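Top line first, the protein sequences correspond to chains A and B. Residue numbers for the first sequence, in the numbering used here: 1 to 112. Residue numbers for the second sequence, in the numbering used here: 1 to 117.
No lab work stands behind these hints, which were simulated from the structure alone. Bear in mind that the values here come from a model prediction, so they are computed numbers and not experimental data. Each hint should be verified, as a subset may be incorrect.
The calculated DSBU-like cross-link candidates involving lysine-lysine, where the alpha carbons are at most 30 Å apart (straight line), are [stated by the list, open to error]:
| hint | chain 1 | residue 1 | chain 2 | residue 2 |
| --- | --- | --- | --- | --- |
| 1 | A | K71 | B | K44 |
| 2 | B | K44 | B | K62 |
| 3 | A | K57 | B | K44 |
| 4 | A | K17 | A | K57 |
| 5 | B | K62 | B | K78 |
| 6 | B | K71 | B | K11 |
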Amino acid sequence: KNQVEQSPQSLIILEGKNCTLQCNYTVSPFSNLRWYKQDTGRGPVSLTIMTFSENTKSNGRYTATLDADTKQSSLHITASQLSDSASYICVVSVNNNNDMRFGAGTRLTVKP
Amino acid sequence: EAGVAQSPRYKIIEKRQSVAFWCNPISGHATLYWYQQILGQGPKLLIQFQNNGVVDDSQLPKDRFSAERLKGVDSTLKIQPAKLEDSAVYLCASSLGAFAGGGGEQFFGPGTRLTVL
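All chains should be built: construct the whole structure from the sequences, respecting the hints.
So, in structure tokens, the structure goes:
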């Protein structure tokens, strides 16, 4: 059973709209949580990284939130653009070492 | 700054054949990772090198997969013989420090898409 669950599996929105992607995790002890964007045919690119003490972090139109108590994170995309079409992967690191648990990703499609 | 380079970008082989992938990490990055990403799934770590030593290869199917990082720079990942279930994208990543999970930035290459027929 994957310890990092993402929802929805896929999402289609219209250009200009906002959306929120979810990530729930069960791994412990928690070190940090990252959101990556992976364009088709490319490697993942880091958007945000949050430690236990951080509950929100922004990167342009991307805002990630973290609730370490409920072990939930979300990635909010504001005023979506066609270039936001990609997979968004949540990654949770365990125990401050190299044990990184990847979610399966959410496939976002932004349509004109 | 040049990113992580991988080649080839695409490879199609028949089952039981052999294949090799090449990765050139970002200059100065001590740590190199190989991931397998099956369609619709997140990447799975296959092996991690620190310079030219192996840190973690617990999920590497060692009966058919091998990897090396000579001189602590470039790396090759080999599959011999390939099976149908090896069809995936193979991603190489590098990081400056030893533990990307500890907060260090990890940079990914574009990947090699392998199709096994």
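Now for the hints, and whether the structure bears them out:
{"no.": "1", "hint": "A:K71 <-> B:K44", "in the structure": "holds (22 Å)"}
{"no.": "2", "hint": "B:K44 <-> B:K62", "in the structure": "holds (15 Å)"}
{"no.": "3", "hint": "A:K57 <-> B:K44", "in the structure": "holds (26 Å)"}
{"no.": "4", "hint": "A:K17 <-> A:K57", "in the structure": "holds (20 Å)"}
{"no.": "5", "hint": "B:K62 <-> B:K78", "in the structure": "holds (10 Å)"}
{"no.": "6", "hint": "B:K71 <-> B:K11", "in the structure": "holds (26 Å)"}
In summary, the structure agrees with every hint in the numbered list given earlier.
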